[in-house]
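Numbering (this note's numbering), first residue to last: 17 to 370.
None of these hints come from the bench; they were simulated from the model. Beta carbons: idealized from backbone N, C-alpha and C, even for Gly. Check before you lean on any hint, since a few could be wrong.
With a cut-off of at most 20 Å between alpha-carbon atoms, the simulated DMTMM-like pairs for lysine to aspartate or glutamate come out as follows [claimed, not checked]: (1) 30 <-> 213; (2) 30 <-> 54; (3) 252 <-> 232; (4) 30 <-> 71; (5) 252 <-> 185; (6) 30 <-> 56; (7) 30 <-> 185; (8) 252 <-> 128; (9) 252 <-> 172; (10) 252 <-> 222; (11) 30 <-> 173; (12) 30 <-> 90.
Pairwise CB distance ranges (calculated) [said to hold, decoys possible]: (13) 347 <-> 46: 22 to 28 Å; (14) 55 <-> 78: 19 to 25 Å; (15) 153 <-> 127: 21 to 27 Å; (16) 260 <-> 350: 26 to 32 Å.
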Amino acid sequence: MTAPIRVGLVGTGKFARHHASVWRTIPGVRLAGVHGADLERLTGFAQATGVVPYDSYEPLLRACDLIDIASANDTHAGYALRAIPRVRGLLVEKPLATDVIRAETIQRAAAERGLTASVVSQHRFQRGVAGLKRLLDAGGLGPILRVRARLRWPRDDAYFTASGGWRGDRTRAGGGVLIQQGIHLIDLLQWWFGEPEAVSASTGPEPLAAGAVERDLMATMEFVPGIPCDLTLSTKPSRDSIMAVEVEGREGIARTDGETLWRHRGGLANALAALAARLRRHANASALLRRQCLDVLQAMRQGVPPQVTLTDGVCALRIVDALYRSAAQGRRIETTPQHHRGSTTASQRETVYQ
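Using the sequences and the hints given, assemble the complete structure.
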């Protein structure tokens, strides 16, 4: 009988509780313990979840096979680098780090050890997202003319003050809507199209207060070969949440909200597709994270790369960094793309939809 994979958690906030609940739904996994820097919060987490608390990180590393880091953004790098020599698997909540240099350090250390390691980007495991990847790889839309990407995930003031207020602190979070929420779309765009060769961004007409995080970001990204992408991100109050992408090609238009993929085929066909989408039950956040956790476990057991690699996490942060520099300097930033379309492993293995 195969021994269970022992998973250790880092973090005691909302995300860590979410991760704990997901791991418990997966056969062959045992939650070995949880570590947090705040003893009071650690005790409360352990009492609420039944997970064994570790007030020191090293004993937890000795007790687990895989470390899942779901703590504040500015702690990801330190925890990951300490774990890499000690465990068989690593999962890090996005962003991989708060800056590119630390992210690259993590990626190199994991690669040198041959560690199975992934950064959370659960939307890659949505059916519509994966379907658009297959469509683009097959050239189903012909040469791409334009891309439009929009994300609106409202967050109230409590979101920014919870857990010691780190999400509202630019130093600890690394930024606002772009690095916290928009990085999901950034990862999908670089998965579909590779890294952009230039970006232009703005966080709005009013300058941000010192240390504050942005609630809005508007940008234009230029993908090879000259494909413009309009990007709009917001966490400001709204009645609904939206994540939507439209890709216009010379031979057609495709749209996705994540779970559903529409092709522009004319009036009745579009109406029927829209009706089917409304009737279809979309995967929730737990189901999407579960798909990624299953993929990481499969990669560990088979000795193959996970569908989302640390290289992908570094790539997303390079794009985020360029967008922030453009917004701060008020000018177009040219980049040197290091990741090109079609260079991922995701299309080589069947996506897990359990």
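These are the hints, each one checked on the structure:
A threshold of 20 Å between alpha carbons decides the hint, and for residue 30 with residue 213 the separation of about 36 Å lies outside it, so the pair is violated. In summary, the hint linking residue 30 to residue 54 is supported, as the alpha carbons are separated by about 14 Å, within the 20 Å threshold. Using a Cα cut-off of 20 Å, the hinted pair residue 252 and residue 232 holds, with the two alpha carbons roughly 7 Å apart. For the suggested pair residue 30 and residue 71, the alpha carbons sit about 19 Å apart, so the restraint of at most 20 Å is met.
At most 20 Å may separate the alpha-carbon atoms for a hinted pair to count; residue 252 and residue 185 meet this at roughly 17 Å. Distance hint between residue 30 and residue 56 is fulfilled; the C-alpha atoms sit about 15 Å from each other, no more than 20 Å. This hinted pair checks out: residue 30 and residue 185 have alpha carbons roughly 17 Å apart, not beyond 20 Å. A C-alpha spacing of about 42 Å is found between residue 252 and residue 128, which places the hinted pair above 20 Å, so the restraint is violated.
Restraint check: the Cα-Cα separation between residue 252 and residue 172 comes to about 8 Å, which is no more than 20 Å; the hinted pair holds. For the proposed pair residue 252 and residue 222, the alpha carbon gap of about 15 Å is at most 20 Å, so the pair holds. Simply put, residue 30 and residue 173 have alpha-carbon atoms about 15 Å apart, close enough for the 20 Å limit, and the pair holds. As the CA atoms of residue 30 and residue 90 are separated by approximately 16 Å, the hinted pair is consistent with the 20 Å bound.
The beta-carbon spacing between residue 347 and residue 46, approximately 52 Å, falls outside the hinted interval of 22 to 28 Å. Distance hint check for residue 55 and residue 78: the Cβ-Cβ separation is about 20 Å, which falls inside the suggested range of 19 to 25 Å. Under the hint 21 to 27 Å, the C-beta atoms of residue 153 and residue 127, about 25 Å apart, fit the expected range. Checking the proposed 26 to 32 Å range against residue 260 and residue 350 shows it holds: the Cβ atoms sit about 28 Å from each other.
Checked against the numbered hints above, the structure breaks hints 1, 8, 13 and satisfies the rest.
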